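Visitor: So you can see what is in the structure, the chains are spelled out below.
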Amino acid sequence: MTYSANTPEGTRDRLFAECRDRRRVQNCLTALFRRRSYAEIITPEVEYYDLFIRSGNPMPQEAMLKIIDRSGKIMVMRPDCTTPIARVAATKLKSVPLPQRLYYNQTVFRSGDAHRADSSEIAQCGVELIGASGKKADVEMVAMAVDSLRECGLERFHIELGHVGFFRSLAAGMDMELHETEHMRRLIEGKNFAALNDMLEPYAGKPACAALRRLSHLFGTAEVLEEAQRLAADSKDLAYLRTLYEELRAAGYDEYIRFDLGLVHQIDYYTGVVFRGYVEGAGDAVLSGGRYDALVAAFGRPAQATGFAIDVDAVAACLPAAALPALELVVHYEDGLLAPALAAVDGRAAGTCELSPCRTLESTLKLAREKGAGAVLVVEKNGRREVPL
Amino acid sequence: MNGRLRIALTKGRLQDRSLELFEAMGLDCSPIRHPGRRLIHSIPNYPLDAVLAKAPDVITYVERGVCDMGVVGKDTILEQGRSFYEVLDLGFGRCRFALAVKEGSDFYGTYRTRRVATKYPAVTRSFFSKKGMDVDIIRIEGSVELAPLLNLADAIVDIVETGATLRENGLVPIEDVAQVSARLIVNTASMKLCKAELEDFITRCERELSNRI
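So the protein sequences, as listed, match chains B and G.
Following the working numbering, the numbering of the first sequence begins with 36 at its first residue and continues without gaps.
Following the working numbering, the numbering of the second sequence begins with 70 at its first residue and continues without gaps.
Among the hints, erroneous ones may be present.
Counterexamples of contact, computed for chain B against chain G with all Cβ distances above 10 Å [said to hold, decoys possible]:
#	residue
1	Asn41
2	Glu80
3	Glu195
4	Val314
5	Cys388
Label-pair restraints from in silico Cβ distances [what the hints assert, rightly or not]:
#	chain 1	residue 1	chain 2	residue 2	range
6	B	Thr65	G	Pro104	46 to 54 Å
7	G	Gly211	B	Ile102	34 to 42 Å
8	B	Phe51	G	Ala233	42 to 50 Å
9	B	Ala239	G	Met94	25 to 33 Å
10	G	Thr182	B	Pro242	21 to 29 Å
11	B	Gly386	G	Lys199	54 to 62 Å
12	B	Arg203	G	Gly160	29 to 37 Å
13	G	Cys164	B	Ala239	27 to 35 Å
14	B	Ala74	G	Lys264	36 to 44 Å
15	B	Lys406	G	Arg107	37 to 45 Å
Taking lysine-lysine pairs in the BS3-like style, the calculated list, with each CA pair at most 27 Å apart, reads [stated by the list, open to error]:
#	chain 1	residue 1	chain 2	residue 2
16	G	Lys171	B	Lys101
17	B	Lys271	G	Lys261
18	G	Lys199	G	Lys171
19	G	Lys80	G	Lys171
20	B	Lys170	B	Lys101
21	B	Lys170	B	Lys129
22	G	Lys123	G	Lys80
23	G	Lys80	B	Lys170
24	B	Lys241	B	Lys271
Just so you know, these hints were derived from the structure itself, not from any lab.
Small disclaimer: the values here were computed from a predicted structure and weren't measured.
Beta carbons are placed, not taken as given, at the ideal position from N, Cα and C, and that holds for glycine.
So here's chain G without its partners, still in its complex pose (with noise of 0.2 Å):
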């Protein structure tokens, strides 16, 4: 350990928002925002070192404990998530898993077993185990909303935003799977031995979080 935390941050778009949070806590995130051909970025004026990666391989580095902490998706952490502190709900990233059919279609009134389609095979078993329903489940990568129009399947359970996308491809949500966000995740063991490098970050975080609202 040099005193250093290292810190994984999901790509894209909570990418930016970390870093707003961070640079409203007062750390310097230009290496991170200029990253030449580093991979490694060291904060200047706090002891914490950032990496980019995929959403699946935050959880990844963080359950393995070659990152203290990640920046992560709800929706990631409940389709492959397992053991970790999920410590704080960092607010943005807002979003929602919603269970979506074809407009004016009946998903529940029929005892033929339903195909839905996903990205996210795990979070849909379990909340149709939850009603005591068994579903097909097609696992789709892409355009998950294509499936319904192509007669694939009868429902998808998909993150919607604005809901936007399901209009213009006639589905209408029917039902909240879950509510999303972005989480700060810290590793078990770094917790323990870490502890007053992490709860130093972790107060900061709360404050500027609490800061505005």
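Bound-form chain B, shown alone (with noise of 0.2 Å):
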């Protein structure tokens, strides 16, 4: 069997609808983020491996795609933005004044599982405000996060915000075994009410606990922080999404806040305020991020920063499909006519009109017949004409 005329599983060519689509999304991002002064900033597509397990880095090993160079280190094909760009932060950037506004617009490279039609190359938008925190940081990066969907057209979308804070401290209060919290955690990530339930039994006695049998359900618009306020009044962490929310809510985006208290994924790379975005017609979620105070000082520099990466096509996929532009106009044009023919191709709408290549009239029209185009227009010596189809 050969390969030849394949793309390998997992990666795919993108068609002009595609593209446009793709690109579309970009440029309503990458325009957003260059308005509020973020930077751009691209990365190696391929990166040494080691970079991402100094990164603590959640990604399972298999999930990275591996190259081995000539000197037999391991690389990978980049499966994530936002470590390579610590690492610049806290190295070539060590001595310009902190906060920085960055972003990317890049491919990472992921390897999923056979057949299920998950891409391994995924186009991602994203900002990194790193070398700074606090309610004004993390006002201004969700914020951003809705002003990016917004930007991109769509309306029916929630950012739902967590915070680990709220979870450690919980767990803090438990004494539990390590793996009893893992395992405690998992439960609440998947909001597998029943199963939380019974492993939680044997704690009744402990003040945390009727906070924890129901994080799980604690989700929903800004009620869910009330309930969470009777069950955890002295929370510091609960006080501060209130804040964020208050301070939200001023700027009027409340109706697109949500608040997930039981968002306990990647705890060890997290380190404050989380959120993803959920738009209606994707199946999971399309934006996420977070505060990871802790990644740019594992590169020697310490610097507080939050960011987030959007899906691209994830959320080009639910914007209204257009039709691309049909061909409506084929131009013919005698020798040393070049100029005015391409006057004439230049004057008309994107997509509707192209040169022949032809060199008799009788082939120019048979190919914008083949084409399906409407018209042949004939650039001449004496003139133009047009010559319907």
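Dock chain to chain to rebuild the complex, using the hints, since each chain is given by itself in its own frame.
Guide: Written out as structure tokens, the structure is:
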């Protein structure tokens, strides 16, 4: 069996409308990012495997596409954009004053399971705000997330906020073994209501138990903050989420804001507020991000940071489909008349008019018919005429 | 979103028990019981549409978000589940995953790398990797019990309900790998975008399940 005419599983050729839709989303997002003074960074497509180990990145090694270089070092196709940017911020931008606002428009590579139609190449656009912490930085990032999806033309979506500190401090009050805490975290992450209840049965006496039992139910509008308040009155993380919400509401973002206090994924990577974006029409989150205060420090420069990434193609798939422009006119021109012929093409809407490479008018007419054009424009020494088909 | 939820039900034994549960919740399941040629069945007195599928497909439909919910066995979830919410243990379809060997054989008493036949390679791999044991796993599609009898494998990991098939073939279960029952799973985005509708359904399920105990 030969593979010369096929693309590897997980990759695909993207044609015409797909390219246009991807570029449209990328253009909307990068225009917004630049307007807010985020500067673009392009990092290599290939990095050392060790980079992602050092970062404490929670990605399993089997999800990374690996290459061995000539000296035997293991390299990976960039599995995530934030880690290389943290490396740059800690090294090449060492002497640049913080905060730094950075954005990227790059592909990440992940090796998925066979036969799931998962793409190994994921086009991502995202921002990182490095060297800023506190309410203003977090509010800016959540507002950026809302504005990003709005900028793309989406209307029915939610940005959902959580805080890893809320779970951490509840869990700390339980005196559990590490593996039990991890088991509990998984049950909360999976909204495994019944199993979580059973698991917490022996801990019923602990004050944090009631809140943990409810944790996977605590998602939805800002009302969940009130319920959480009753369960864990003294949580400073909850109070912080409330201040963020007040700030976002004052700025008119509240209709897009939801909460999920059971958002406890990647808690060793994220250090504060985490968020995800859900759009009607997409089966999974299209935007994901949060505060990661330890990552840049792992490369030698203590700098608190927050950011998010958007799955560009997932957003594009949620936008109303528009037809590609159809070819209307083919231009046939006599030798020496390239300039007026090109002017005729340039004067029309993109994709509706093209030059004929044919020598004779007969072959141009034949070509135009094959391509379904409505007419041929003939550009001659003594003027121009349109031949309808 | 037309305001209706869509659920994928695992065909076969779990399907009957799912319909019993839904009917006890007051849902009119007659369109699913008398399907005709239709593949998507609308419940007339509740905003729910149902499709019937093989267990692994139920997971695929829910993960992809083409169905908001699914009823599927924990065995399939353990073997190939990835990202969805597993909200309820529906209590029916109970059985267990067990490691079974030929009667009288000593599975653990040798340093030789043992060979295990199963329909569930991922479950088997994870079970032995937790023990720090290397085993060779052979994937079998049909009657797994045959593998030890033909000396293809030293043991099997399979679903055991009554244990009758094992006994008749001279095999004995020596260790439980996991308990299995039917679960209600929910797509992550649906959970967020159709919270009220899904909570209504889940609460009705919970109420009926607690009546049963």
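Visitor: Take the hints in turn and mark each one as holding or not.
Guide: For each hint, the structure was consulted:
1. Chain G leaves Asn41 of chain B outside its interface by the beta-carbon criterion, the shortest separation being 23 Å against a cut-off of 10 Å.
2. With a closest Cβ-Cβ approach of about 26 Å to chain G, Glu80 of chain B is found to remain outside the 10 Å limit, as its non-interface label requires.
3. Not every CB of chain G is more than 10 Å from the CB of Glu195 of chain B (nearest about 6 Å), against its label as outside the interface.
4. Val314 of chain B, annotated as away from the interface, has a beta carbon of chain G within 10 Å; the closest lies near 8 Å.
5. No Cβ of chain G comes within 10 Å of the Cβ of Cys388 of chain B; the nearest lies about 40 Å off, and the non-interface call holds.
6. At roughly 50 Å, the beta carbons of Thr65 of chain B and Pro104 of chain G sit within the given window of 46 to 54 Å.
7. Against the hinted window of 34 to 42 Å, the Cβ-Cβ separation of Gly211 of chain G and Ile102 of chain B comes to about 40 Å, which satisfies the hint.
8. Range check, Phe51 of chain B to Ala233 of chain G: about 60 Å between beta-carbon atoms, so the 42 to 50 Å window is missed.
9. Against the hinted window of 25 to 33 Å, the Cβ-Cβ separation of Ala239 of chain B and Met94 of chain G comes to about 29 Å, which satisfies the hint.
10. For the hinted restraint 21 to 29 Å between Thr182 of chain G and Pro242 of chain B, the CB-CB distance of approximately 50 Å leaves it violated.
11. At roughly 58 Å, the beta-carbon separation of Gly386 of chain B and Lys199 of chain G lies within the given 54 to 62 Å, and the hint holds.
12. A hinted range of 29 to 37 Å holds for the C-beta pair Arg203 of chain B and Gly160 of chain G, which are about 33 Å apart.
13. One distance hint, 27 to 35 Å for the beta-carbon pair Cys164 of chain G and Ala239 of chain B, holds here, with the actual separation near 30 Å.
14. For Ala74 of chain B and Lys264 of chain G, the Cβ-Cβ distance of about 38 Å falls inside the hinted range of 36 to 44 Å, so the restraint holds.
15. Between Lys406 of chain B and Arg107 of chain G the C-beta distance comes to about 42 Å, which sits within the given range of 37 to 45 Å.
16. The straight-line distance between the Cα atoms of Lys171 of chain G and Lys101 of chain B is roughly 42 Å, outside the 27 Å bound, and the hint therefore fails.
17. As the CA atoms of Lys271 of chain B and Lys261 of chain G are separated by approximately 25 Å, the hinted pair is consistent with the 27 Å bound.
18. At roughly 23 Å between alpha-carbon atoms, Lys199 of chain G and Lys171 of chain G fall within 27 Å of each other, so this suggested pair holds.
19. Restraint check for Lys80 of chain G and Lys171 of chain G: the C-alpha separation of about 32 Å exceeds 27 Å, so the hint is violated.
20. The straight-line distance between the Cα atoms of Lys170 of chain B and Lys101 of chain B is roughly 39 Å, outside the 27 Å bound, and the hint therefore fails.
21. Proximity of Lys170 of chain B to Lys129 of chain B is assessed by CA-CA distance (about 25 Å); at most 27 Å being required, the pair is judged to hold.
22. Between the alpha carbons of Lys123 of chain G and Lys80 of chain G the distance comes to roughly 6 Å, so the proposed pair stays at or under 27 Å and holds.
23. At roughly 51 Å between alpha-carbon atoms, Lys80 of chain G and Lys170 of chain B are farther apart than 27 Å, so this suggested pair is violated.
24. The suggested pairing of Lys241 of chain B with Lys271 of chain B holds, with an alpha-carbon distance near 19 Å, which does not exceed 27 Å.
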